[in-house]
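Novice: Just need the whole structure built from these sequences, with the hints factored in.
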Amino acid sequence: MSQLARCRNIKVAYISGWACSSTLVGSTNEVSPDFGDYPYDTVPNQVERIFKAQQLHDRKAFLEASIKGSTPVDYLKPIIADADMGHGGPTTVMKVAKLFAEKGAAGIHLEDQMVGGKRCGHLSGAVLVPTATHLMRLISTRFQWD
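When the letters of the sequence shown are read in order and numbered with our numbering, they come out as residues 882 to 1027.
Rather than coming from a laboratory, the hints here were simulated on the basis of the structure.
One thing to keep in mind: the hints can contain errors.
Okay, derived cross-link-like pairs now, DSSO-like style, lysine-lysine, Cα gap no bigger than 27 Å in a straight line [to be verified]:
1. K979 - K949
2. K976 - K958
3. K892 - K979
4. K958 - K892
5. K933 - K949
6. K976 - K941
7. K958 - K941
8. K958 - K933
9. K892 - K949
Specialist: Listed below in structure tokens is the structure:
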């Protein structure tokens, strides 16, 4: 609750793939660079947790405000999430995009890096996919969000 209360003036929430992979995956609890090598539902599941927390606190704030006759705090912020490189080909990208939409994300971003060769933005050696491949990812995503 205290974290959400501090976000009163923030207009959007962002869920990072690196943060999820570093804190929610693995048994070693070690922070490492984001190589996108975690299960594809890791970030969507975190989106769902944050979205449900927002809904809970929004309902509580609305109830408290209606009792007091005041204006409630709006805890529902759009969630933008990191979909990495889509975790596979067009059908996997479609599954990932649908999962994000179902879990409560308002939007996602996709990187134009090769699946299996993803690198953090600050590390060298990123291999980009051809423009046609990335456009197919974007089109596959759009099919799921329409």
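Novice: Mind checking the alpha carbons of K958 and K892 for me, to see if they're no more than 27 Å apart?
Specialist: holds (6 Å)
Novice: Would you check the hint for K933 and K949, treating anything up to 27 Å between C-alpha atoms as holding?
Specialist: holds (24 Å)
Novice: Decide if the proposed pair is consistent with the structure: K979 and K949, CA atoms, cutoff 27 Å inclusive.
Specialist: violated (40 Å)
Novice: Within a Cα-Cα threshold of 27 Å, do K958 and K933 meet the stated pairing?
Specialist: With Cα atoms ~11 Å apart, K958 and K933 stay inside 27 Å; holds.
Novice: Hey, K892 versus K979, does the alpha-carbon distance stay inside 27 Å?
Specialist: holds (24 Å)
Novice: For the pair supplied as a hint, K976 and K941, confirm whether the alpha-carbon distance does not exceed 27 Å.
Specialist: Outside the cut-off at roughly 33 Å; violated.
Novice: Take a quick look at whether K976 and K958 sit within 27 Å of each other, Cα to Cα.
Specialist: holds (24 Å)
Novice: Hey, K958 versus K941, does the alpha-carbon distance stay inside 27 Å?
Specialist: holds (15 Å)
Novice: Measure nothing beyond the straight line between the CA atoms of K892 and K949; if it is 27 Å or shorter, mark the hint as holding.
Specialist: holds (25 Å)
When the structure is compared with the earlier hints, violations turn up for hints 1, 6 and for no others.
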